[in-house]
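Visitor: Sequence:
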Amino acid sequence: MLSGIPDTVFDLIELEVLKLELIPDVTIPPIIAQLSSLREMWLYHTPAKIEAPALAFLRENLKSLHIKFTDIKEIPLWIYSLKNLRELHLTGNLSAENNRFIVIDGLRELKSLKVLRLKSNLTKLPQVVTDVGVHLQKLSINNEGTKLMVLNSLKKMVNLTELELVRCDLERIPHSIFSLHNLQEIDLKDNNLKTIEEIISFQHLHRLVCLKLWYNQIAYIPIQIGTLTNMERLYLNRNKIEKIPSQLFFCRKLRFLDLSHNNLTSIHSDVGFLQNLQYLAVTANRIETLPPELFQCKKLRTLNLGNNCLQTLPSRFGELTGLTQLELRGNRLECLPVELGECRLLKRSGLVVEEDLFNTLPSEVKEQLWRADKEQA
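With this note's numbering, the residue at position 370 of the sequence shown is 370, and numbering never jumps.
Keep in mind the hints are simulated off the structure, nothing from the lab. All C-beta atoms, glycine included, are put in the ideal place defined by N, C-alpha and C.
Below, computed lysine-lysine pairings styled on DSS-like, alpha-carbon distance capped at 25 Å: (1) Lys194 <-> Lys119; (2) Lys138 <-> Lys63; (3) Lys63 <-> Lys114; (4) Lys138 <-> Lys189; (5) Lys49 <-> Lys63.
Derived Cβ-Cβ restraints for the label pairs, each shown as a range: (6) Ser349 <-> Leu12: 31 to 41 Å; (7) Ser201 <-> Pro362: 45 to 55 Å; (8) Thr146 <-> Lys298: 41 to 51 Å; (9) Arg117 <-> Glu197: 23 to 33 Å; (10) Arg371 <-> Asp270: 33 to 43 Å; (11) Pro24 <-> Arg348: 48 to 58 Å; (12) Pro29 <-> Pro222: 55 to 65 Å; (13) Arg59 <-> Asp7: 21 to 31 Å; (14) Ser266 <-> His204: 23 to 33 Å.
With these hints in hand, go ahead and build the complete structure from the sequences.
Guide: Rendered as structure tokens:
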């Protein structure tokens, strides 16, 4: 375990990121000013002290700070004078016991803060987070499974463009989100969501282009999903979805659609309307056949079909000339279509399939796929 920062570190004048971990008695010296490119610092279980000239340097130059702590007293109070700090990441116990929030009240002084990430066990949002939230662009909370209640204060964070509420045991989509009209991306990963009937209210978020509802318990997609016509990236993987409504394919701007690890038995024929689709994943479902309309998605670059019940593949794969990744492993296939040779951007490394199945291709197609890998190397 180090007792301080080695002097040789300060000779690395092009250093941009400085990570200090498990150094209990470190003092940041004035010589840190030699690190003229320093913009990011990590303090992991390191309650650092700092000399005044060093603080003056960091106050002007530091843009991003990561702090991990066991006891909240490990958070140095001097961080609240970092007037140009734009990103703050806090990982540790911030529960309301013993007036823990008082220690982070200094967040109000960080007037330039745009990104706040909290990985903790909150039961409610501290008032100081709401206050800071007025000028935040991104708020990320990973609550590690603790139920986060009382989210009404979110509606005050009117400048948010990204919101992540991960592992907060929400069960329903919080209504306060629908007041945040600048939101472009929402991530509600792993929240025990069973229903998303509130999805109709997302239509009022006209700038929303990315919605992540992955790792939940969703079994049913309401038809109102078709109102999200500006959506470009939709994550519905790791749920219990059995059927996709045709209205989803009204979202014609979709470029990324992940439906993997669900209970689907088919791909809807309306998938052909998604002319901008570049990424489609339906891995680990129970799909038996592919609709002809799938091959109208000419912009597809990634198509993940692994671990399904496919027995044959249509010859129309050759129409997907932009494919760079095709996952087929874990199906019931006996051979691959020779037309894969028409997918000129596909390499052997991008074709995820059992070796014996790969060997059913004609030798010239196999050589073409291998050659594409070698040319890249």
